[in-house]
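J.: Residue numbers -20 to -1, 1 to 88, in mature numbering (1 follows the signal peptide of the UniProt record, and there is no 0), belong to the letters of the sequence shown in order.
A hint or two may mislead.
[Claimed, not checked] Listed next, with one range per pair, are the computed distances between beta-carbon atoms:
#1 Ile9 with Asn76: 15 to 25 Å
#2 Lys43 with Thr(-17): 38 to 48 Å
#3 Lys87 with Asp63: 31 to 41 Å
#4 Asn73 with Pro45: 19 to 29 Å
#5 Val48 with Asp72: 15 to 25 Å
#6 Ser(-18) with Ala34: 31 to 41 Å
Rather than coming from a laboratory, the hints here were simulated on the basis of the structure.
Heads up, the beta-carbon is just placed ideally off N, CA and C, and yes, glycines get one too.
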Amino acid sequence: MNSTLLTILVSLCLATLVSARFSCGHDPIQSGFAELLIKNDCKGRLNKVDTCCAQHTACYAKKTPRNVCDEAFCKCAKAASKDLPLCSFQMDNFCNTAKSFGGFHFKG
């Protein structure tokens, strides 16, 4: 593995462990990667996206039907990314990921 890539990955992991937990992602690695994407592609929208993710997690915890939680998350993410095309692309990916893989974490 390229030493530069390894250094970046280790730094990302360490930064994730020492920083406040970003709500997007199921574990520190996913959360750190999601935070990095948002910081780079959604300038100034980190708190808005974090709120969407926190609400999505809370929705699952309340045992609201999964499709209702996922649709609310996608709507929130779309609003958070308004007028930023690259951010909208990332939020579409976040939405599709939640719809495709959220079932592994949904306890409804």
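J.: All hints are to be evaluated individually against the structure, with a verdict given for each.
T.: Taking the hints in turn, this is what the structure says about them:
| no. | hint | result |
| --- | --- | --- |
| 1 | Ile9 with Asn76: 15 to 25 Å | 19 Å, holds |
| 2 | Lys43 with Thr(-17): 38 to 48 Å | 45 Å, holds |
| 3 | Lys87 with Asp63: 31 to 41 Å | 36 Å, holds |
| 4 | Asn73 with Pro45: 19 to 29 Å | 23 Å, holds |
| 5 | Val48 with Asp72: 15 to 25 Å | 19 Å, holds |
| 6 | Ser(-18) with Ala34: 31 to 41 Å | 36 Å, holds |
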